[in-house]
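Colleague: As a plain string of letters, each chain reads:
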Amino acid sequence: MNAPVKPSNLIKGATGDWEMVIGLEVHAQVTSNAKLFSGASTAFGGDPNSHVSLVDAAMPGMLPVINEECVRQAVRTGLGLNAQINLRSVFDRKNYFYPDLPQGYQISQYKSPIVGEGEVVVDLADGTSFVVGIERLHLEQDAGKSLHEQHADMSAIDLNRSGVALMEIVSKPDMRSSEQAKAYVTKLRTILRYLATCDGDMEKGSLRADVNVSVRRPGEPFGTRCEIKNVNSIRFIGQAIEHEARRQIEILEDGGSIDQQTRLFDPDKGETRAMRSKEEAHDYRYFPDPDLLPLEFSQSFVDALKTDLPELPDQKKARFIADLGLTPYDAAVLVNEHESANFYESVLAGLANARRDGKVAANWVINELFGRLNKEGLSIAASPVSAPQLAAIIDLIGEGTISGKIAKDLFEIVWTEGGDPRVLVEARGMKQVTDMGAIEKAVEDIVAANPDKVAQVRAKPQMIGWFVGQVMKASGGKVNPQAVNDLLKTKLGL
Amino acid sequence: MTDLTSLTLAEARDGLAGKSFTALELADAHLAAMERARVLNAYVLETPEQARAMARQADGRIAKGEGGPLNGLPLGVKDLFATEGTRTTACSRILDDFKPPYESTVTSQLFTRDGAVMLGKLNNDEFAMGSSNETSCFGPVLNPWRRQASDAKLVPGGSSGGSASAVAAGLCLGATATDTGGSIRQPAAFTGTVGIKPTYGRCSRWGIVAFASSLDQAGPIARTVRDAAILLRSMAGHDPKDTTSVDRAVPDYEAVVGKSVKGMKIGLPREYRLDGMPAEIEKLWSQGADWLKAAGAELVEVSLPHTKYALPAYYIVAPAEASSNLARYDGVRYGARAAGNNIVEMYENTRAIGFGAEVRRRIMIGTYVLSAGYYDAYYLRAQKVRTLIKKDFEDCYAAGVDAILTPATPSAAFGIGEKAGSDPIEMYLNDIFTVTANMAGLPGISVPAGKDAQGLPLGLQLIGRPFDEETLLSLGAIIEQATGRFKPEVWW
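In order, the protein sequences belong to chains X and Y. Under UniProt numbering, the first sequence has 12 at position 12, and the numbering climbs by one with no breaks. Under UniProt numbering, the second sequence has 273 at position 273, and the numbering climbs by one with no breaks.
Extracted from the complex, chain Y is given alone in its bound form (with noise of 0.2 Å):
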């Protein structure tokens, strides 16, 4: 029998439906994998038995001719998203021991409505608060990637870092995860798996603890487009629970998977060519739209003017409702707490204690700029900079543009410790390219396109129009075919 744990979701549901192996086998194969990789530190809690469980049953389903679309296929939660009586913490000492009472929409539709199995919670940088997944309470996450002839660790980037870890590492056979300003997109390409944030509004955010409300979108971390196509139909959907969610049928996204690009065209925005860009970098961004021509697109060169301000905007906007949504957090109901002798000190005890350095930083940042004498000159320009950036793209749409290529990030993984230095901008820096999409609400989709010098994965995005994540896994999926699939060795 092949390795269980290499196989891509859509094989292992081919290979269920088939009866090769069992739900239970595939489940299996999965936490014997965890367990010899925790030296990754991927995943803050694994629940094997329940794991078995639910395996269990989606054989029972198999053998009944039943189950859902996921049925039996197992996944990871990015620690993000509550899942009923199971510890919730967003990777931060705050939460502490926290179980639902609540199970995410998100994760309800995979694992009840979908007959998924889950793993375990996947780490995550604290309250999705990072690029590199060290500021996660239970530690750094490891990249399965190394560096050619170097035991030097890696981050995967974050703050999806536990999701894009495992699942390149075949930890688990797709993970859930969120993007807030490039947190799906960036630890993709870092670790050579697929990775699409959705329109904002295309999943719910319902039972997922917030980071900044008008920005973040969960979607799916996969190791192919076809997978993260087959994962986000699964995520996908109106909430009434959640009013900012869109009320529009959910496509069939596998079915565009190998569908032809020709004459689609493709945006290439001259604003994303930064100075100092590292060549490789450049190559693999031409590289790419070689790629998509060859495939009948025509590719144009566009202009988004407001790029630039699109990072300064953003790290205004996220702190700002961090600010708010964390202040719920402060030991009276849930949680950790630290006694004071009064409840203002019984607050700043507990928030002291309970949030690490970079979410105390965003949470002053964003109490400054919301303060009063501040809002206009902060906030509200910043607002005002979002409506803007959204009119450029909005501009290139309706020229006729179907989709803009761009790099997904400036470099590949860097090392542990390397960026979170004193100077918090240069971590900042990792989602030059993908914050736009979310400060536009708009998908965006991160597909492995090529290697750096040092054997590192890297990868392309691909932003699109709002609710059109078709367009943009057709394109994904030429990328794939073209780049080839690659797995980092098992050195751990």
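Extracted from the complex, chain X is given alone in its bound form (with noise of 0.2 Å):
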């Protein structure tokens, strides 16, 4: 399963194709109400400065002490990420001088990262799905910020973020083109948000990415790859990969050589340029940071964490699958944004009948629903129609009181107006009418007004479709058009 040759994820050179090879190390903030090592908030938003611990500022004799919460999250997501739970890691000190860095070095894991090996299986838009190897996962520290634009010609430092704790989940170099790297960020972040370890909001800067690539003919060894810095959209992803593959095939075809760089992704001009080389690149000195025992828990704790683990979004889509009857396709839909599961989820809950109906349910949540939403710029939490009101709209239909084009106008009413389903179904006269005589009498009338199109039909049983349009119409809406169907097969002896 592992990304295949595809023709289409190659990039035509003058000299021939190119295969792009790209990693990501993606810098997800955790949710947790502390820092790392310091009881210092991490809300967002505050007042410079005004979240910060003489820890955070690295006043002379601070020491970090680990913050427990933020190493559940670490291994909640390893879990989730299908990965190795290390149960001893080292935290290690990396050394460079930054003004937003207090410290002088960034406590970090290097050697011992606490989640090992795992994968994500990645959905792509046409239905099919790949693997994309996790390496590692380790805990450090993020830096403060520095503010350039108080002062003509002084820089302010803001340490609210300093010491706010990242996950940093590297990749293998597994994805082949920007679709699927960016697929790949998508489905990580559905993962951290299922999880709730990562809000995953990449305006805030929780999450970011490095983004790793190189090219190479296709079958080749790898490339000398370059890295972009910190892209924080998946749109920026997927922009700064396609011109930085082209950029590195244009050297490559001009008879050049890749530089290994580290870049910047400018999203202005949709470009990215260089920051350093290879050569200027930081000697970090990393060393075990002697303030800190090594970090070690029981398989226990671990399989605490794992019992209480919520179900993830391929668990949730393969029990759509499995006990709804959905699509495939209709299933990811739902599962891909946890909102958007949560909502289905809560009509299931309101059904009569979640096994009948939750096919019928997906339906009208994706297309409905979710279109509607879509098209009006409105999130789920400001949808109009809540999930109880969706729930009952469905149960009519599945229990035959309104029929599917009723139960539409019955949304219509309860989007603009509100209020419940069955009281308007009641109060509007919108049921079906399942007064046999009735339909039959409906039916009768349109069969003696129409000789002409009888005797079509008769020829090509295809045409009842007509006569059912007919007859519903007449009935504004209000007759059940299976009913109609088997009536006028009788009638028109078909």
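This list has only true hints and no planted wrong ones.
Label-pair distances were calculated between CB atoms; the ranges are: (1) X:Asn82 to Y:Asp395: 41 to 47 Å; (2) X:Asn33 to Y:Asp97: 34 to 40 Å; (3) Y:Glu301 to X:Ala304: 50 to 56 Å; (4) X:Ala281 to Y:Asp395: 41 to 47 Å.
Some residues of chain X that are not near chain Y, with every Cβ distance over 12 Å (derived): (5) Ile11; (6) Ala14; (7) Glu227; (8) Asp254; (9) Asp266; (10) Pro384; (11) Glu440; (12) Asp445; (13) Ser475.
With a Cα cut of at most 30 Å, we get these calculated DSS-like pairs of lysine-lysine: (14) X:Lys94 to X:Lys229; (15) X:Lys111 to Y:Lys241; (16) X:Lys269 to X:Lys172; (17) Y:Lys241 to X:Lys145; (18) X:Lys229 to X:Lys187; (19) X:Lys473 to X:Lys460; (20) X:Lys405 to X:Lys453; (21) Y:Lys99 to X:Lys94; (22) X:Lys269 to X:Lys204; (23) X:Lys187 to X:Lys12; (24) X:Lys94 to Y:Lys384; (25) X:Lys111 to Y:Lys390; (26) Y:Lys390 to X:Lys94; (27) Y:Lys384 to X:Lys111; (28) X:Lys278 to X:Lys229; (29) X:Lys145 to Y:Lys99; (30) X:Lys111 to Y:Lys391; (31) X:Lys111 to X:Lys306; (32) X:Lys94 to Y:Lys241.
It is worth saying that the hints were derived from the structure and are not from the lab. Just so it is clear, the structure is predicted and the values come from calculations on it, not from any experiment. Quick reminder that beta carbons are idealized off the backbone N, C-alpha and C, glycines included.
Using the hints, put the two standalone chains together into the complex.
Modeller: Put into structure tokens, the structure is as follows:
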């Protein structure tokens, strides 16, 4: 299943085809109240330097103390990535000078990360899926922020983010197109949101990616890679990869070679530019942080977290398909966003017979509700139709009280006016006609009024749809189309 | 009334309890002594007002029949300990006028919890890097001891030179100190005082300016073994803010002073018998062994085969950690800042004027040994050596040895400037007998045991099992009893 060389993934160069090789280092901010090694708040958007402890400011003699919740979150994430959990890991110091790095080193995990190898199954838009290997996940501190706009010739430092816990999730170089890379990050974000270990909010910087890109002739060994730092949206990840791959191909086709570089993506210009070369790379002088003992926990600690793990998107998708008969595509649409899945499951919970009507409910949620929300630019949280309201509409269809057509009218009323669907159906006389005598009368009237069509339908039985439509129209949509169909067949002798 | 500054801590404690004098009188006597002894340069900051205020509070507690175990006892604090609102510099220019908004765990236990009185901040080698207290930005400390018929100025040892000098000269009843490679035990030996470096993890490091995190440990310097025991009890204890501190009950150390050592097995490591060891050191060592034997202990020769690698390995591990620990002194948030045209220049200028030569040397050594391509050859190998050194001791203790007896230093105190020349190794060799305890994380005590031919004090060291400070104090008390106490003559 490992990303096959697909012709559609290859890039045509002047001298033949090229293949991209992409690996990602995703930095995900751990959802926790306090920072990785201090009790300071992680709340977003406070006044500058309002969430800074003595430890975060690296005052003399201050010592880090591990926040256990961050450890639990990292283990949960590792379990969600089907990864090896390391019962012993080590925090190292990564040494470099930067004004927003108060300690002069970042506490990270270098040789012994908390999470080892795992994998993520990624679904593509065409319904296929592939696996991206996870190399490792480690915990580390975020840095502060330098602000350059406050003063003409000085910079200001905001340490609110300093010391916030990040998970660096390193993939294997398993992606072969920008689409695959985008799909991977999307899937990763979905998993993190299901686990509630990272809010995945890229606008707030909760999720950023360093993108490693190289190109090669299909089948050849990996080329020299460049790393594009700190790309902060999925769209930009795609753009950065496309630009970078083409830049590298141009160089190679001109007979040049790729310098291993760290590059920056400029979203305004849509291009990457060199930040520093391999020679200029920092020597981080990693060594185990002597202020922190190795991080050790038991298998039972991991097992307890595993037991409490929520259902993850892949499991949920499989359940929707197996138990409710959803198509893989619909199931994928519903599980991709945790909020969508939650809404759909709330609808299911409100149904009288979820097993029977689950598939219908999926259609309604995806097509009617999400379609409408999309059109109006609304989020699920802002939906005028609630899950219980939608469940009631679907129940009304399922029990034969209203037809699908009437249901759409009812949906419209609930969307614009609100109200209890059952009450609305009663009050506005939208109930489906179940009186067979009345249906029979309507059928007979239509048959009698259209002798020419009767002749045609006998020659061409598919024409029956026209009769059904006429009857439905005459009854204002309130008759059961299946009953009409059956009755017509008898009357017309089909 | 007797001179209050010549009392031991225990005597002063009893005097306060018996209302022979007040805490304020005790503080004032010491403040006056400090004023007279400024030539020693032991204190880098005297805090008389604070001391008197604390003493008055202590007297108030005595009047109400309250007060902790150190109530009203005046102490000095090594300038490596953060003291809230009181300038803390680690004797480095780079911290400038830094006044921490926090109090170290150890000093808050001494002063806030147990009622002691702070007299001021004591001189030390810059960032505790040195063995003579000559690297301090406040200038060298003088040893109150002088050679017979000589007025040559001698070093008090280091890095806790201010602590040792002040305790020996009667400028406080006891002092806090720290020991990374011998910084408590060597100055104690040079000044005829008692210094104990407890097991790594026994005292919290929170709020102590870090030198080498895996080696640094706080401990007291005092005039007697009993005083050291009293102070250690107040300094030790688990601190959730330091995850390397150990959650283990703190024993009543004082109770073991005077306890019999009969049947204890004392190891004499043959590797500590260095080539060219002065005869008087050798004599001191065997004298110490005889005293312990006379007290009923059994003496055995032991081997600590990796001893010779301890000092070189120490001078890799300690600078490596220091190079990283001192990265935070960058001129951005606190302390000194020297302007520059850009951030890198600002860093360079700040650190160039802020750090002294020895600190700069160790930062460079540390940076080098951690750098890509050298890490395995230096740092990693030094850590392996450390494991072997630890194992040497473990093997000894597993064979039934209760403590190990060694000289504390290879010589008595030397002259100011004598070893501060071009070859730093000469200075580093001062720690030859003491670094092993830091490398292995073990407790070590230095106790006065005699004088050299010129009348300077010499000390013996005892190294114990992890968290067995009690055995060291019992044995130290035997040596102390046999040696008798001695004080320097006042010349200042």
